[in-house]
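Residue numbers (this note's numbering): 1 to 427.
Just so you know, these hints were derived from the structure itself, not from any lab.
Please note that the accuracy of each hint is not assured.
To be verified - Here are the simulated PhoX-like cross-link-like pairs (lysine-lysine), alpha carbons at most 20 angstroms apart as the crow flies: (1) Lys-186 with Lys-370; (2) Lys-370 with Lys-203; (3) Lys-147 with Lys-135; (4) Lys-216 with Lys-283; (5) Lys-5 with Lys-404.
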Amino acid sequence: DGGTKYGTTPTGGTLSLTPPTFYERREGTWLLDQGNTPCDEHTLRAIHLPPFVKAVVEGVAVVMASYSSWRSTKLHRHRYLLTDVLKGEAGFRGVVISDWQGVEQLTEDAVMYPEVVAEAINSGIDIVMLPRHYKRFVDALTESVNKGMVSIARIDDAVQRVLRLKQLMAGNTSPSLPPSVVGNSKHRYLATVAAAASIVLLKNDGSVLPLQQQPKRPLVVHVAGAAAANVGVMCGGWTLSWRGVTRATPLLVGTTLLQALRRIDGVDVQYNVNGKDAGGRAKCDVGIVTIGELPYAEGHGDRPNVDLAGAEAMRVRRVRERCAQVIVVVVSGRPMALDAATVAAADALVAAFLPGAEGGAALADLLFGKRPFTARLPFEWPSSSQSDAARAAVRVAGAEASEKQRTAAAAATAPLYALGHGIVTTV
Numbered sequence: 001d002g003g004t005k006y007g008t009t010p011t012g013g014t015l016s017l018t019p020p021t022f023y024e025r026r027e028g029t030w031l032l033d034q035g036n037t038p039c040d041e042h043t044l045r046a047i048h049l050p051p052f053v054k055a056v057v058e059g060v061a062v063v064m065a066s067y068s069s070w071r072s073t074k075l076h077r078h079r080y081l082l083t084d085v086l087k088g089e090a091g092f093r094g095v096v097i098s099d100w101q102g103v104e105q106l107t108e109d110a111v112m113y114p115e116v117v118a119e120a121i122n123s124g125i126d127i128v129m130l131p132r133h134y135k136r137f138v139d140a141l142t143e144s145v146n147k148g149m150v151s152i153a154r155i156d157d158a159v160q161r162v163l164r165l166k167q168l169m170a171g172n173t174s175p176s177l178p179p180s181v182v183g184n185s186k187h188r189y190l191a192t193v194a195a196a197a198s199i200v201l202l203k204n205d206g207s208v209l210p211l212q213q214q215p216k217r218p219l220v221v222h223v224a225g226a227a228a229a230n231v232g233v234m235c236g237g238w239t240l241s242w243r244g245v246t247r248a249t250p251l252l253v254g255t256t257l258l259q260a261l262r263r264i265d266g267v268d269v270q271y272n273v274n275g276k277d278a279g280g281r282a283k284c285d286v287g288i289v290t291i292g293e294l295p296y297a298e299g300h301g302d303r304p305n306v307d308l309a310g311a312e313a314m315r316v317r318r319v320r321e322r323c324a325q326v327i328v329v330v331v332s333g334r335p336m337a338l339d340a341a342t343v344a345a346a347d348a349l350v351a352a353f354l355p356g357a358e359g360g361a362a363l364a365d366l367l368f369g370k371r372p373f374t375a376r377l378p379f380e381w382p383s384s385s386q387s388d389a390a391r392a393a394v395r396v397a398g399a400e401a402s403e404k405q406r407t408a409a410a411a412a413t414a415p416l417y418a419l420g421h422g423i424v425t426t427v
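Let's have the full structure, built from the sequences with the hints guiding it.
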């Protein structure tokens with residue numbers, strides 16, 4: 001998925017076997033997700049394959065085939081990648097599972113369905129995810145086996161992989177887990193530690209972080225932004241529902257940044273989501289502003305740019321006007337292109353990549369020095385959407401990038417923060 005070319009998502013001819021279409025294809029969505037990665041094999045192996053090989057070495061048991069395509073061939077029918085490379089070269093002994101209705105995306109002709117089922121199974125898919133119409137699939141696969149389109153050896157291989165996975169999981173399951181076990185204090189501590197290890201300190205002018213409490217009076221902290229008071233925003237998509245949640249619900253338990261800050265002794269916390277009011281105070285010691293995106297999933301997150309919304313930037317400016325020091329926390333699943341004024345207004349800039357249910361606790365620990373910042377960027381942070389798009393075009397095309405694309409990439413503004421950037425602090 002990392003090399004998908006923008007605008008290549010199929011717009012028709014998919015999922016027609018299961019009307020109504022599961023996906024809501026509204027204007028401005030599905031422009032990247034499920035698209036095509038056109039890069040050459042050298043680029044694929046140099047950039048995209050290593051994390052999968054590392055995962056196999058570490059013992060991953062299940063791999064899901066992507067909806068996307070490589071060089072215009074859907075992954076759900078890509079024998080070379082799923083069998084020759086993943087199972088063969090990388091030595092993956094686990095299970096390859098299809099995505100939701102992924103096999104049914106391979107044709108819009110019901111007559112051809114048995115053939116595409118055979119093609120998918122022969123490509124290396126061991127489990128087919130079918131939310132509905134499973135009988136049709138069973139009939140199609142049975143027909144394919146009876147006609148010799150799928151060998152018994154391939155069926156046996158898939159069954160052996162599933163049984164091996166079941167055997168592996170047998171020692172790690174319990175017939176009944178009481179609710180008190182899931183999400184207990186040990187789990188939440190681990191979630192806090194993991195979140196803290198993923199949060200990157202991008203900027204720290206004047207060593208404003210970690211924050212220091214006042215010896216004779218409370219440190220007045222003005223907090224703004226939706227993510228500061230919302231566990232769902234910290235979690236992002238695929239939390240309780242497909243596209244995440246932003247409403248309060250007892251099913252989503254966690255610690256918001258606001259809650260965590262209010263637990264710290266010697267800190268007077270004032271909150272206004274838009275940064276317009278600080279409890280009547282004209283001036284505050286510190287402003288903490290969360291900005292970024294609301295939860296999304298799959299194609300609903302596709303957008304023509306990653307620019308920060310104007311309302312988000314305005315929130316930073318409001319807090320800057322009343323606070324001596326300002327910390328901006330970007331809560332998102334991807335880097336956001338920040339305007340120069342927003343970057344300049346921040347004494348400290350923090351990237352919190354959807355830190356999860358205990359992300360608020362982790363952020364508070366980091367901001368006040370209970371834990372050190374140690375994380376570094378796993379990718380560039382763009383200076384602008386245009387410059388990022390120019391460089392991305394060359395990365396996606398690889399050796400086949402045109403001269404025009406290479407010239408545009410060379411002229412693009414350098415990233416705001418380079419790959420591997422991250423300021424490390426000590427406790």
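Taking the hints in turn, this is what the structure says about them:
no.: 1; hint: Lys-186 with Lys-370; in the structure: holds (18 angstroms)
no.: 2; hint: Lys-370 with Lys-203; in the structure: holds (19 angstroms)
no.: 3; hint: Lys-147 with Lys-135; in the structure: holds (18 angstroms)
no.: 4; hint: Lys-216 with Lys-283; in the structure: holds (17 angstroms)
no.: 5; hint: Lys-5 with Lys-404; in the structure: holds (16 angstroms)
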